[in-house]
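Sequences are here, hints too, so could you generate the full structure?
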Amino acid sequence: MQRVTIRLPEQQLKMIDLMVDQGEFPSASEAIRAAIRDLIDQRSDKIIRNLQLLERIGTKINA
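Numbering of the sequence shown is given in this note's numbering, commencing with residue 1 and proceeding in unit increments.
Honestly, the hints are just simulated from the structure, not real lab data. Fair warning: this is a prediction, and the values are worked out from it, not measured in the lab.
Listed next, with one range per pair, are the computed distances between beta-carbon atoms:
| id | residue 1 | residue 2 | range |
| --- | --- | --- | --- |
| 1 | R56 | A34 | 30 to 38 Å |
| 2 | D21 | D41 | 20 to 28 Å |
| 3 | Q42 | M19 | 14 to 22 Å |
| 4 | G58 | V20 | 43 to 51 Å |
| 5 | Q42 | R7 | 18 to 26 Å |
| 6 | M19 | I40 | 14 to 22 Å |
| 7 | R3 | Q52 | 27 to 35 Å |
| 8 | V20 | D41 | 15 to 23 Å |
| 9 | Q12 | Q42 | 17 to 25 Å |
| 10 | Q52 | A28 | 32 to 40 Å |
| 11 | I57 | M1 | 31 to 39 Å |
| 12 | S44 | E24 | 22 to 30 Å |
| 13 | T5 | S44 | 22 to 30 Å |
From the three backbone atoms N, C-alpha and C, an ideal C-beta is built for every residue, glycine too.
So this is what it looks like as structure tokens:
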């Protein structure tokens, strides 16, 4: 796993800390990883469709 440094607004960091304090996540890092997984899951279908469209367009241009 690689380390990534991010900057967050103070309010967002406080919310993450609150979720950790309430036991929803073992750490702030795990909370952020979960948020990123959720974001990728939500958008992956759209990203795949866009890539497929770009491939089709590229095929037509090169034909």
